[in-house]
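First to last, the sequence lines map onto chains A and B. Going letter by letter, the first sequence gives residues 0 to 354 in numbering that gives the first Met the number 0. Going letter by letter, the second sequence gives residues 0 to 354 in numbering that gives the first Met the number 0.
Keep in mind that the hints were calculated from the coordinates and are not lab data. Among the hints, erroneous ones may be present.
Stated by the list, open to error - To spell it out: a stretch of chain B is covered by chain A in this simulated footprint if at least three of its residues, at any positions, have a beta carbon under 8 Å from a beta carbon of chain A; those stretches are:
(1) 124 to 137
(2) 202 to 212
Said to hold, decoys possible - Result set (DSBU-like, lysine-lysine): computed pairs, CA atoms no more than 30 Å apart in a straight line:
(3) B:LYS50 / A:LYS153
(4) A:LYS32 / B:LYS32
(5) B:LYS50 / A:LYS214
(6) B:LYS231 / A:LYS32
(7) A:LYS231 / B:LYS32
(8) B:LYS73 / A:LYS32
(9) A:LYS231 / A:LYS125
(10) A:LYS231 / B:LYS50
(11) B:LYS25 / A:LYS32
(12) A:LYS106 / B:LYS25
(13) B:LYS247 / A:LYS30
All values derive from a computational prediction rather than experimental measurement. Backbone N, C-alpha and C define an ideal beta-carbon position, used for all residues, glycine too.
2 protein chains.
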Amino acid sequence: MTFFENTNHAELSEIGEFGLIDLIDKSFEIKHKETNKGIGDDAAVVDFGGKKTLITTDILTEGVHFHLSYSPLKHLGYKAVAVNLSDICAMNGTPKQITVGIALSSKFSMDAIEELMLGMKLACEKYNIDLIGGDTTSSAAGLFISITAIGSAKDSDITYRSGAKKGDLICVSGDLGGAYAGLLVLERERIVFEANPNEQIDLTPYDYIVQRQLKPEPRTDIVELLQKNKIKPTSMIDISDGLASEIKHICKQSELGCRIMEDKIPIDLQTENILKELNIAPTTGALNGGEDYELLFTVKQSDYEKIKDLTEVSIIGYMTEKEEGIYLITTDNKVIEIQAQGWDGLKKEVESSEL
Amino acid sequence: MTFFENTNHAELSEIGEFGLIDLIDKSFEIKHKETNKGIGDDAAVVDFGGKKTLITTDILTEGVHFHLSYSPLKHLGYKAVAVNLSDICAMNGTPKQITVGIALSSKFSMDAIEELMLGMKLACEKYNIDLIGGDTTSSAAGLFISITAIGSAKDSDITYRSGAKKGDLICVSGDLGGAYAGLLVLERERIVFEANPNEQIDLTPYDYIVQRQLKPEPRTDIVELLQKNKIKPTSMIDISDGLASEIKHICKQSELGCRIMEDKIPIDLQTENILKELNIAPTTGALNGGEDYELLFTVKQSDYEKIKDLTEVSIIGYMTEKEEGIYLITTDNKVIEIQAQGWDGLKKEVESSEL
Numbered sequence: 000m001t002f003f004e005n006t007n008h009a010e011l012s013e014i015g016e017f018g019l020i021d022l023i024d025k026s027f028e029i030k031h032k033e034t035n036k037g038i039g040d041d042a043a044v045v046d047f048g049g050k051k052t053l054i055t056t057d058i059l060t061e062g063v064h065f066h067l068s069y070s071p072l073k074h075l076g077y078k079a080v081a082v083n084l085s086d087i088c089a090m091n092g093t094p095k096q097i098t099v100g101i102a103l104s105s106k107f108s109m110d111a112i113e114e115l116m117l118g119m120k121l122a123c124e125k126y127n128i129d130l131i132g133g134d135t136t137s138s139a140a141g142l143f144i145s146i147t148a149i150g151s152a153k154d155s156d157i158t159y160r161s162g163a164k165k166g167d168l169i170c171v172s173g174d175l176g177g178a179y180a181g182l183l184v185l186e187r188e189r190i191v192f193e194a195n196p197n198e199q200i201d202l203t204p205y206d207y208i209v210q211r212q213l214k215p216e217p218r219t220d221i222v223e224l225l226q227k228n229k230i231k232p233t234s235m236i237d238i239s240d241g242l243a244s245e246i247k248h249i250c251k252q253s254e255l256g257c258r259i260m261e262d263k264i265p266i267d268l269q270t271e272n273i274l275k276e277l278n279i280a281p282t283t284g285a286l287n288g289g290e291d292y293e294l295l296f297t298v299k300q301s302d303y304e305k306i307k308d309l310t311e312v313s314i315i316g317y318m319t320e321k322e323e324g325i326y327l328i329t330t331d332n333k334v335i336e337i338q339a340q341g342w343d344g345l346k347k348e349v350e351s352s353e354l
Numbered sequence: 000m001t002f003f004e005n006t007n008h009a010e011l012s013e014i015g016e017f018g019l020i021d022l023i024d025k026s027f028e029i030k031h032k033e034t035n036k037g038i039g040d041d042a043a044v045v046d047f048g049g050k051k052t053l054i055t056t057d058i059l060t061e062g063v064h065f066h067l068s069y070s071p072l073k074h075l076g077y078k079a080v081a082v083n084l085s086d087i088c089a090m091n092g093t094p095k096q097i098t099v100g101i102a103l104s105s106k107f108s109m110d111a112i113e114e115l116m117l118g119m120k121l122a123c124e125k126y127n128i129d130l131i132g133g134d135t136t137s138s139a140a141g142l143f144i145s146i147t148a149i150g151s152a153k154d155s156d157i158t159y160r161s162g163a164k165k166g167d168l169i170c171v172s173g174d175l176g177g178a179y180a181g182l183l184v185l186e187r188e189r190i191v192f193e194a195n196p197n198e199q200i201d202l203t204p205y206d207y208i209v210q211r212q213l214k215p216e217p218r219t220d221i222v223e224l225l226q227k228n229k230i231k232p233t234s235m236i237d238i239s240d241g242l243a244s245e246i247k248h249i250c251k252q253s254e255l256g257c258r259i260m261e262d263k264i265p266i267d268l269q270t271e272n273i274l275k276e277l278n279i280a281p282t283t284g285a286l287n288g289g290e291d292y293e294l295l296f297t298v299k300q301s302d303y304e305k306i307k308d309l310t311e312v313s314i315i316g317y318m319t320e321k322e323e324g325i326y327l328i329t330t331d332n333k334v335i336e337i338q339a340q341g342w343d344g345l346k347k348e349v350e351s352s353e354l
């Protein structure tokens, strides 16, 4: 087999998901001139003659992306739609349509599917999305949800990961680490519940972070806010795998380095408290915890006045020459190289440490 | 739960896949004026300003749509792409792009994934398709492939299931029942192989039908042939679930009945021989066996002269008033109501009768 170059029959686990996507990207050529951008960003860009069309696909699989023991199906349906819309936002576009593929085993009742679809509908209503097609089928085991989201944007508005320039300000919407903190709480309660199913669990003290994990929101409002304030990001990505992993994507594709200021990373108080309780540094949670679905983007320094007072946006650093590397400047002024442990890695560690 | 109306907490097995899709369709409204057609045909139709865009999603799941014991991964990758392109053909459009979602368990090696991707690439090369994005992820068990195909067509060329008129001629491309006959052979050999793994199986006598099952081709050539001959079908669908199921879709959505002539249904000699050997009437295989991915379409009677000599097209019947029902006229002139046992039903029967 020489379809992928230089893999030397490596195992998938060595190559990883990003490695695999890179290999696939290199092995397929683009043939149509209307295909402006294929693999390698949050969504593909296709020119059908009017505005540009953005297209993205994501899969959620049971036991990997969610556990039915603590993911209510309605939330799951909502989240499955939300994370795909987030990819369209990350291109600075407006999501418009989705197609849905669902494979599920016979253990699911019609009522369960209704709950799932109800969640999808809630997300479609909230974000003004047409569900235009899909496929439902049975699976030998487990639930799989595959969604393709379609959106549009003016050519001049589309924001790629590769557009950052030296000196650009690095910005992030909302706050980080909450979805990860929520997952840790849910995992902890799941284990308590499995040991004693009669124990009633009160998640009220964790309402914000649990919501962050179970029902993330795509930041269409940030895309609108930036447009209203005439700010065109130079690069953008959504935070699905953690800040560290995403800033590395922007640096790699823009061929730059960066400095992130630890004290500027926005972390909610509830997130901070629970992470400390679990002996995890909040910054580690924000850097490596995923699924916040906030937007990470860069803007020109000349946009500083326009962006500095937007309450939903934090300026957390700046872009440098590639040679200067990718570093965190800590609150006590240490300079630490940012490692992208990434969501998957962290999740596995958590799972294996708990099971 | 009252999300779906009038389901009375029925089980999924009672409602079935088509029932579920109907329920989903009724529960979601279309909000964007550029969404011309949502659920209910082979692909959705979206107007991005130039030509119309066609979008369709299909899932293949291990143990349901394929068994790895007799589906080589290269063929499987090819087929996964082919069946999605077929849905674009069924709208009388030209497929252009795909996104691919793959969820797979740790039992798969990188070499296995290469084989799968190689098959996808072969199909993309043959049919001039851009792979523009996707998602790869792990699954707790089994292999899931979800593909979204995107194509385009001039508005005036798009063919819906609902456009047939009384008196229109019913046509089909290629020949039918072959993929089903191929599946039966492969299932038979799998059982022989499992009983005695050392026995070398010679599939040469079944090359055509095995190919029909493992490596179906989307009929982009038929779409081109019809356009070249200035024939605009009045309705069209691809045959994934069997002729009976598909003609019922056209009749239902066009609010008509039909007559199909048994002696006009095109069946290859190899298909006929193996079905007879297995005590299955070839017509039953053609009517209810699925996965041929031929095109079933209707044309105006006035197009008869243009269509009658196209070697790849057979005229097999005509459309009637709805009240006249959906009937097969047998070779010995009996009139039998066409029951859509459908592919899934037949497959289950075969499986349960063999296991």
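>> Need the status of pair LYS32 (chain A), LYS32 (chain B): alpha-carbon distance at most 30 Å?
In response: holds (26 Å)
> Would the pair LYS73 (chain B) and LYS32 (chain A) pass a check requiring their Cα atoms to be no farther apart than 30 Å?
Replying inline: Roughly 28 Å between the alpha carbons, so the hint for LYS73 (chain B) and LYS32 (chain A) holds.
> Taken at face value, is the distance from the CA of LYS214 (chain A) to the CA of LYS50 (chain B) at most 30 Å?
Replying inline: Violated, at roughly 37 Å.
>> Given the hinted pair LYS231 (chain A) and LYS50 (chain B), is their Cα-Cα distance within 30 Å?
In response: Cα-Cα ~29 Å, so holds.
>> For a C-alpha distance cap of 30 Å, please report whether LYS50 (chain B) and LYS153 (chain A) respect it.
In response: Given pair LYS50 (chain B), LYS153 (chain A) holds - Cα atoms ~17 Å apart, limit 30 Å.
>> Hint check: LYS231 (chain B) vs LYS32 (chain A), CA-CA at most 30 Å. Holds or violated?
In response: It holds: about 27 Å lies between the C-alpha atoms, which stays within 30 Å.
> Checking C-beta pairs, does the segment 124 to 137 of chain B have three or more residues closer than 8 Å to chain A?
Replying inline: holds (count 11)
> LYS25 (chain B) and LYS32 (chain A): Cα distance at most 30 Å?
Replying inline: violated (37 Å)
> LYS231 (chain A) and LYS32 (chain B): Cα distance at most 30 Å?
Replying inline: Between LYS231 (chain A) and LYS32 (chain B) the Cα gap is close to 27 Å, so the pair holds against 30 Å.
> Taking only the CA atoms, is the gap from LYS106 (chain A) to LYS25 (chain B) under or equal to 30 Å?
Replying inline: Measuring from Cα to Cα gives roughly 24 Å; hence the hint holds.
> Has the given pair, LYS231 (chain A) with LYS125 (chain A), been kept, meaning a C-alpha gap of at most 30 Å?
Replying inline: Measuring from Cα to Cα gives roughly 25 Å; hence the hint holds.
>> Quick check: do three or more residues in the segment 202 to 212 of chain B have a beta carbon closer than 8 Å to a beta carbon of chain A?
In response: violated (count 0)
In this structure, the hints that do not hold are numbers 2, 5, 11 and 13, in rising order.
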